[in-house]
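Starting from the known structure of chain A, arrange chain B on it as the hints suggest.
Protein chains: 2
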Amino acid sequence: MEPIIVSGKEVSNKIKDEIAQEVELIKSKGGKVPHLAAVLVGDDGASVTYVNGKVKACERVGFHSTLVKLEPTITEEELLAEVEKLNQNDEIDGFIVQSPLPKHIDEQKITEAIDPKKDVDGFHPMSLGKMMLGLPCFLPATPFGITEMLRHYDIPTEGKHCVVMGRSHIVGSPMSVLMVRNAYPGNCTVTVVHSRTQNLKEITRQADILIVAIGKPQFVTSDMVKEGATVIDVGIHRIADDSKKSGFRLLGDVKFDEVAPKCAYISPVPGGVGPMTIASLLKNTLLAVKLKN
Amino acid sequence: MEPIIVSGKEVSNKIKDEIAQEVELIKSKGGKVPHLAAVLVGDDGASVTYVNGKVKACERVGFHSTLVKLEPTITEEELLAEVEKLNQNDEIDGFIVQSPLPKHIDEQKITEAIDPKKDVDGFHPMSLGKMMLGLPCFLPATPFGITEMLRHYDIPTEGKHCVVMGRSHIVGSPMSVLMVRNAYPGNCTVTVVHSRTQNLKEITRQADILIVAIGKPQFVTSDMVKEGATVIDVGIHRIADDSKKSGFRLLGDVKFDEVAPKCAYISPVPGGVGPMTIASLLKNTLLAVKLKN
Numbered sequence: 001m002e003p004i005i006v007s008g009k010e011v012s013n014k015i016k017d018e019i020a021q022e023v024e025l026i027k028s029k030g031g032k033v034p035h036l037a038a039v040l041v042g043d044d045g046a047s048v049t050y051v052n053g054k055v056k057a058c059e060r061v062g063f064h065s066t067l068v069k070l071e072p073t074i075t076e077e078e079l080l081a082e083v084e085k086l087n088q089n090d091e092i093d094g095f096i097v098q099s100p101l102p103k104h105i106d107e108q109k110i111t112e113a114i115d116p117k118k119d120v121d122g123f124h125p126m127s128l129g130k131m132m133l134g135l136p137c138f139l140p141a142t143p144f145g146i147t148e149m150l151r152h153y154d155i156p157t158e159g160k161h162c163v164v165m166g167r168s169h170i171v172g173s174p175m176s177v178l179m180v181r182n183a184y185p186g187n188c189t190v191t192v193v194h195s196r197t198q199n200l201k202e203i204t205r206q207a208d209i210l211i212v213a214i215g216k217p218q219f220v221t222s223d224m225v226k227e228g229a230t231v232i233d234v235g236i237h238r239i240a241d242d243s244k245k246s247g248f249r250l251l252g253d254v255k256f257d258e259v260a261p262k263c264a265y266i267s268p269v270p271g272g273v274g275p276m277t278i279a280s281l282l283k284n285t286l287l288a289v290k291l292k293n
Numbered sequence: 001m002e003p004i005i006v007s008g009k010e011v012s013n014k015i016k017d018e019i020a021q022e023v024e025l026i027k028s029k030g031g032k033v034p035h036l037a038a039v040l041v042g043d044d045g046a047s048v049t050y051v052n053g054k055v056k057a058c059e060r061v062g063f064h065s066t067l068v069k070l071e072p073t074i075t076e077e078e079l080l081a082e083v084e085k086l087n088q089n090d091e092i093d094g095f096i097v098q099s100p101l102p103k104h105i106d107e108q109k110i111t112e113a114i115d116p117k118k119d120v121d122g123f124h125p126m127s128l129g130k131m132m133l134g135l136p137c138f139l140p141a142t143p144f145g146i147t148e149m150l151r152h153y154d155i156p157t158e159g160k161h162c163v164v165m166g167r168s169h170i171v172g173s174p175m176s177v178l179m180v181r182n183a184y185p186g187n188c189t190v191t192v193v194h195s196r197t198q199n200l201k202e203i204t205r206q207a208d209i210l211i212v213a214i215g216k217p218q219f220v221t222s223d224m225v226k227e228g229a230t231v232i233d234v235g236i237h238r239i240a241d242d243s244k245k246s247g248f249r250l251l252g253d254v255k256f257d258e259v260a261p262k263c264a265y266i267s268p269v270p271g272g273v274g275p276m277t278i279a280s281l282l283k284n285t286l287l288a289v290k291l292k293n
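Top to bottom, those sequences are chains A and B. Residue 53 in my numbering sits at position 53 of the first sequence, with consecutive numbering throughout. Residue 87 in my numbering sits at position 87 of the second sequence, with consecutive numbering throughout.
Calculated from the structure, these hints are not laboratory results. Certain hints may be false.
Claimed, not checked - Simulated crosslink set (DSS-like; lysine-lysine; CA at most 25 Å straight-line): (1) K290(B) x K29(B); (2) K292(A) x K292(B); (3) K109(B) x K290(A); (4) K226(A) x K201(B); (5) K262(B) x K226(B); (6) K56(B) x K85(B); (7) K9(A) x K244(A); (8) K290(B) x K109(A); (9) K117(A) x K226(B); (10) K14(A) x K27(A); (11) K109(A) x K292(B); (12) K201(A) x K226(B); (13) K117(A) x K117(B); (14) K14(B) x K290(B); (15) K85(A) x K56(A); (16) K109(A) x K117(B).
Said to hold, decoys possible - Residues from chain B shown here face chain A by an in silico Cβ test under 8 Å; the list is partial: (17) P125; (18) G129; (19) K130; (20) M132; (21) L133; (22) P136; (23) H152; (24) I155; (25) E158; (26) R167; (27) H169; (28) S173; (29) V177; (30) V192; (31) T197.
Cβ coordinates follow ideal geometry from the N, Cα and C atoms, glycine included.
So here's chain A without its partners, still in its complex pose (with noise of 0.2 Å):
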């Protein structure tokens, strides 16, 4: 049988079409307009996109945003005191600041800079301990992406068996916490499988959604899913292939074309978890205004 293909893209579109209306409402009735500001300090080439990116769907969906330029010499103090001056400006509802930082800055010391009120990228210890807690709070884009393509085509969750291959603290842990509380998507049984797991093929066998965060290009094959999974892919590589105008092409931790044929639903790359996460960020934003008031 033919999978059905869990369209990031798709999802991500609709989900930016509803916060587009959201905000015409919000302007009729002379609200404040969602405001995004984004920090970036040098000018690395794959940051300046994904900023760029960021700054663009502002603009779709009738946000307000800013660009924040920083020079890479600049020292942790000045990008806190950055930081700080965004904290207090009330016309920012949220903002990030783009990783990676340079290495003279301490990452960790700067996301816990960031008043969590405007933690949307949902980084801060604030946010993640609120997640734990089932408080409303920003959630970690790629996991909070996940749940609204689980929701878009409201694949049954509860009494499931997830499995989540990596625990990376902003992908892997949050996602199986995100899939074991009591809501929807969620209520599953959820194993996290990683570098130290013994007889991964076993497990990874008994999943009824396998979430893939593992960073190695076509790790997962057939004989490590199970008939009628689903199966979404979190990875995203650049692998150099002459055959294309732009010299590469893009792969995911799944070996796409052999595990499809096994499952219910699968995430492609690209267009599959890749363009939720900017959508989540604008979720985060418009969530940043509403608890505001």
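Relative to chain A, chain B alone:
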């Protein structure tokens, strides 16, 4: 084969002795003697017993302690003011507000009002978030106590399958985070099961380490446990028993008599996890002093 009994009584006594030695050392150097405060609202019998136990433990290890007794009619605003007084009091290194609080008080609001630097119960979102990020922090007493038990008996965890039964905010959920992280104890493949889990037995039988915190007396039977497993029982239930002078006996979530013969290690009830919670609180209070410097 006889299983090894994981005695929380023994481990907690050892920890208290170590802390007492450290306090002696601090005193000999003219340092700050750790000072724990406990807030008790009303006179619920169990709460009085718990709080007195905490104060007594402070005395034993040489900590200073303060018991703040408040009337059950206290308003939320007044209690928040008491919390703020303790936040501001430099003499107090850490404090707890004994749960449960009267119904007219929002317990979560009180928890969040505690200065995270003094949150020795580890229930503040900031503490849980830091735990998720693997940062130095106050761990919630029960999961912290269980990791100390595993450490004391040198029970191998890396690559083992740990099944956590229960997903509460103060036990199951943080326990799963601790067992998965890259540390000892930790580096387990971790599965969280709960009331919505299907094929429960099939999953618990995979556990090398089974941590049971579901609050159902005698729920875990021998057919749910793998030969050679380590079983940690968090449950504690008072069951009426006329043959006892007290009129009751204590039972755990595990049918000890039939499960024990299959185990490599098993914790009893009473004398298992129970005594560890106060030891954790003392460790957190000592940590509060250390993190201050």
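Status of the hints after comparison with the structure:
{"no.": "1", "hint": "K290(B) x K29(B)", "in the structure": "holds (14 Å)"}
{"no.": "2", "hint": "K292(A) x K292(B)", "in the structure": "violated (32 Å)"}
{"no.": "3", "hint": "K109(B) x K290(A)", "in the structure": "holds (19 Å)"}
{"no.": "4", "hint": "K226(A) x K201(B)", "in the structure": "holds (20 Å)"}
{"no.": "5", "hint": "K262(B) x K226(B)", "in the structure": "holds (7 Å)"}
{"no.": "6", "hint": "K56(B) x K85(B)", "in the structure": "holds (23 Å)"}
{"no.": "7", "hint": "K9(A) x K244(A)", "in the structure": "holds (22 Å)"}
{"no.": "8", "hint": "K290(B) x K109(A)", "in the structure": "holds (19 Å)"}
{"no.": "9", "hint": "K117(A) x K226(B)", "in the structure": "violated (46 Å)"}
{"no.": "10", "hint": "K14(A) x K27(A)", "in the structure": "holds (20 Å)"}
{"no.": "11", "hint": "K109(A) x K292(B)", "in the structure": "holds (17 Å)"}
{"no.": "12", "hint": "K201(A) x K226(B)", "in the structure": "holds (20 Å)"}
{"no.": "13", "hint": "K117(A) x K117(B)", "in the structure": "holds (19 Å)"}
{"no.": "14", "hint": "K14(B) x K290(B)", "in the structure": "holds (20 Å)"}
{"no.": "15", "hint": "K85(A) x K56(A)", "in the structure": "holds (23 Å)"}
{"no.": "16", "hint": "K109(A) x K117(B)", "in the structure": "holds (16 Å)"}
{"no.": "17", "hint": "P125", "in the structure": "holds (3 Å)"}
{"no.": "18", "hint": "G129", "in the structure": "holds (3 Å)"}
{"no.": "19", "hint": "K130", "in the structure": "holds (5 Å)"}
{"no.": "20", "hint": "M132", "in the structure": "holds (5 Å)"}
{"no.": "21", "hint": "L133", "in the structure": "holds (5 Å)"}
{"no.": "22", "hint": "P136", "in the structure": "violated (11 Å)"}
{"no.": "23", "hint": "H152", "in the structure": "violated (22 Å)"}
{"no.": "24", "hint": "I155", "in the structure": "violated (16 Å)"}
{"no.": "25", "hint": "E158", "in the structure": "holds (6 Å)"}
{"no.": "26", "hint": "R167", "in the structure": "holds (5 Å)"}
{"no.": "27", "hint": "H169", "in the structure": "holds (5 Å)"}
{"no.": "28", "hint": "S173", "in the structure": "holds (6 Å)"}
{"no.": "29", "hint": "V177", "in the structure": "holds (7 Å)"}
{"no.": "30", "hint": "V192", "in the structure": "holds (5 Å)"}
{"no.": "31", "hint": "T197", "in the structure": "holds (4 Å)"}
Violated hints, listed in ascending order, are 2, 9, 22, 23, 24; each of the other numbered hints is respected by the structure.
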